[in-house]
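S.K.: The listed protein sequences derive, respectively, from chains H and Z. Using my numbering, the first residue of the first sequence is number 1, and each one after it goes up by one. Using my numbering, the first residue of the second sequence is number 1, and each one after it goes up by one.
Just so you know, these hints were derived from the structure itself, not from any lab. Treat the hints with care, as some may be off.
Among chain Z residues calculated to face chain H with C-beta under 8 angstroms, some are [said to hold, decoys possible]: (1) Cys44; (2) Leu166; (3) Arg393; (4) Ser397.
We put the beta carbon where it would ideally sit given N, CA and C, even for glycine.
2 protein chains.
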Amino acid sequence: MFSLLRINTATGETRIEKYSSKDFLLGGRTLSSRLVSREVEATCDALGKKNKLFFCNGALAGTATSSANRLSIGGKSPLTGGIKESNAGGIVGSRMAEQGLRCIALEDAPTGDSAWKIVVVGKDGVQLLDGTFLAGKGVYEKSDLLTAQFGKDAGCITVGPAAEKLLMASGIACSDPHGVCSRYAGRGGLGAVMASKRVIAMVILADGKHKPAFTNKEQFKDESRRVVKLLKENPVSALFTKYGTAAMVDICQSLHVLPTRNFRHGVMEGAEKINAQTMYDTIKARGGEGKTQHACMLPCAIQCSNVYPDEGGKLLCSPIEYETMALMGSNLCLKNLDTIATMNRIANDAGVDTLDCGAAIGVAMEAGLADFGDDQAAIGMMEEIRNLTPLGRILGSGCKVAAKVLGIRHAPHVLGQAIPAYEPRGTKGMAMTYLSSPMGADHTFGFTLRDEAKPLTKEGKVGLSKKFQVIGSRMDAMGMCNFVRYAVRHDMTPLLNLIKSYYDVDITANEFDDFVKETLRIEHHFNTNAGITALDYRFAETFYDEAQPETGEKMDITDEESAQARQW
Amino acid sequence: MFSLLRINTATGETRIEKYSSKDFLLGGRTLSSRLVSREVEATCDALGKKNKLFFCNGALAGTATSSANRLSIGGKSPLTGGIKESNAGGIVGSRMAEQGLRCIALEDAPTGDSAWKIVVVGKDGVQLLDGTFLAGKGVYEKSDLLTAQFGKDAGCITVGPAAEKLLMASGIACSDPHGVCSRYAGRGGLGAVMASKRVIAMVILADGKHKPAFTNKEQFKDESRRVVKLLKENPVSALFTKYGTAAMVDICQSLHVLPTRNFRHGVMEGAEKINAQTMYDTIKARGGEGKTQHACMLPCAIQCSNVYPDEGGKLLCSPIEYETMALMGSNLCLKNLDTIATMNRIANDAGVDTLDCGAAIGVAMEAGLADFGDDQAAIGMMEEIRNLTPLGRILGSGCKVAAKVLGIRHAPHVLGQAIPAYEPRGTKGMAMTYLSSPMGADHTFGFTLRDEAKPLTKEGKVGLSKKFQVIGSRMDAMGMCNFVRYAVRHDMTPLLNLIKSYYDVDITANEFDDFVKETLRIEHHFNTNAGITALDYRFAETFYDEAQPETGEKMDITDEESAQARQW
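In isolation and in its complexed conformation, chain H is listed as follows (with noise of 0.2 angstroms):
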């Protein structure tokens, strides 16, 4: 039996439900696309009393299998207007699982102008505290305050302020095994979802006594040891392991995908000044609390996270993903790793995605309100949207409405949600992904860039998309971390396997996939009645008018062969 605490927002009450169906037993996104699917009015105000929001850990939460504590987030989103679904690492999956919890349900909302609160969960029941003296605040300092009060081995959730005016490019921050609040759900704005129930934080105490009930203990580590060898084994976790993510950089240079100028252009002239190999040798040669392996959650045997310091040695951000760089360095042609971690540092402190973020000061910059390759121009930029001033809501509000407010037509997003940082016209099977994903451009599933043959031909990319979609949704679809994909595409007997010896339930690997493919349906569907059609999925007129220089290609993908994408 797996537990879902529901907490009504406006009335304050609390109830724990006992569910033992398989999407129960799932939980991640099989559970919270399922529960926002059944439980929320399609067409309901994101930020209304209808939508509620789910925080859903995986079926191996809380175990010591490795990368297997993602939080999934779920709800409708404020900026697609379709269904959300958005992960993060972090310790608060595992603290839930020490709850007895599968998934904690915020519902209904009181009014706009209501007292924030502090929502608590622990092995004595839930309150709902004070949450006042956080309002304003940023991220970092309510992380501090919150792992004062209620100590850093406790699970916190909060969101930053620009969550609290309700910016649809806002996040949730979920604390790290430092008690840092800095594991994003980025996308969808979440946050102002959040917020928009007047819940400023949520906190899972460390008093948790539930153990997990193996069936045969054994057999479960045994198979949790298999998956960390294969993690280590496999050149990609390899190769994120030293690098991290940012060996993408060289990869969509030389592939001509990296975004540039606004997603003008695929290739920016000195790349390499923000590549994998400057961050590894920035990161040691400054040293100090720099560190180039650094793991989200424990346990965890790819550790792809980093800890970028400044000048003196002094954490200035962590960690800077490759879709950071891109979004935020190379699309606004900027070429210093600092300036972009300088940015990294306070979008997470306002607490808005750098992707959708990054993407709208690119919007910014072609409407000339800087140039681009402007440092200080572009941090204060993220300064604008920290302070909340009006060009800082503009920005906060995404690339699609900043491009409508500016007068830029060139907005790159599928969905409202800011393309990630592979240049579509450059990589039809990403291009096939963005125009595939229900929850607007998204890279974490479908991800065809490793296996494109013809990256510029749009032939095929519609099976090739479809496969891909599987395989990365696998990852999402029992709370793993992405990147283990790598290691069990050809295989999942090992994570089955991992379900069958700590539940004792047989999970094929046909069924697996047809869990996956159904909670695709499901998330299609919820769109379609959110009144989202085929039209939407689109990228804006110019990616399909104008070619891209560094390839010559224009986006060609028609509105029939997207569709087929999304048919499962």
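Model the placement of chain Z on the given structure of chain H, informed by the hints.
M.R.: For chain Z alone, coordinates are given in the frame of chain H:
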């Protein structure tokens, strides 16, 4: 035969085409919406080269018939994402008629950084002149410069600095009989469409030689006189002659539908400070250039327009209309006509719609950016729009976008277009109309307010709205002023006789209404093709969940009901 002048704004090529079909005969919205439907790809970027902009005069343009010179401007709207017809008074319609033109089409688009052009149409042909000197200037200054260059009798069309930056609330200004570009086709962001084609002004020279070739001139004169008599005898038209549309302030206050405090209330304490009598008395007392009665076009027997003078008797703004008095007055809790006139003047100079910007300021006030009732802050916000600051751009994007950016759920719009000056929970007839218009929330057709026995109930409102949708659309359908409808609502014979005696074409009242209904069908079909679904024809959720205090009413119209009201 009726002439269509096509101008390719990318190549500079021009072409005259001749048509004799009934849609060209009727002109107005009958023609503009058919041309948009036939020639504009519904899914295109409204600010891209695939959109077109059609300027159509009506069947009786250039004749001595009263109130017959409205100019219908049609295209795809960047504000609503659907079809748009927005019409204005002024002298452009007759100047086009004198040049033998029923329609001018702006097609294609040069690149966004191309030089601004002035399109000049005269008896000797079409010229595209450099318009760089107009860039960035306000509409009043542009108007003066155009008049200085082309004469005050020329029919001038221009856009403001807001349109130059592609703001979605930007309109198109047409010159009045005094040569001032003060007659706005304000709604739907068509100013941005014109600017996206890099056309900063159009001038129809006063050198046209075409005269109406009447089939039966004497009969036409008789019928024209009959229309004038009907207008003068009709009590509604007569009321407008004395007070202009401002007469609606008291009516709406008494019905509890005067938009107040961002459409939260339907009554404003102190509304009498901005009502028709106060305006009338103020204009009379100040004298000078003030006029309580004024014609926007010639000839006009209604003359509902006015000239509002400042304390020294100098023209401050002309005209001030009820919709502006509500959206920029009561909706912001402002109780000073000078404030409203000043805001209106700035709006006209910036080139933005007073309704969409007034509604956006209401949203900004609810977001706490200024206090309701703060005159100076409200004027300051208009200056932000005029100065194109970040806040100004937010406000100049209309209330839907402003609400998203500023985190406000109670956004008063349908399809992105601000609700006009009748709070919909207090008048279910107008609410039904707002939800039925293919143009977004609109009051210029389907005006039920004067004919609702029980405004608080939705019963019977599908039929009532549809009845008045036809009555109102008849006027747009042939380029007549909307206010003529009161005089002919029970009998269209006088207008149909004018067509007969002019063109020797018999159109029965039923045939005419079939044209009107077919136009609506065509418009809704365009919207469907553009991706607008039944779910988009809704108010913000708050209108359904929260009662308007004065009436205790919530919005209760269902999707099914509003769909019926859009079914033709």
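S.K.: Each hint should be assessed against the structure and marked as holding or not.
M.R.: Evaluated hints:
no. : hint   : in the structure
1   : Cys44  : holds, 7 angstroms
2   : Leu166 : holds, 3 angstroms
3   : Arg393 : holds, 5 angstroms
4   : Ser397 : holds, 5 angstroms
The structure is consistent with each of the numbered hints, conforming to all of them.
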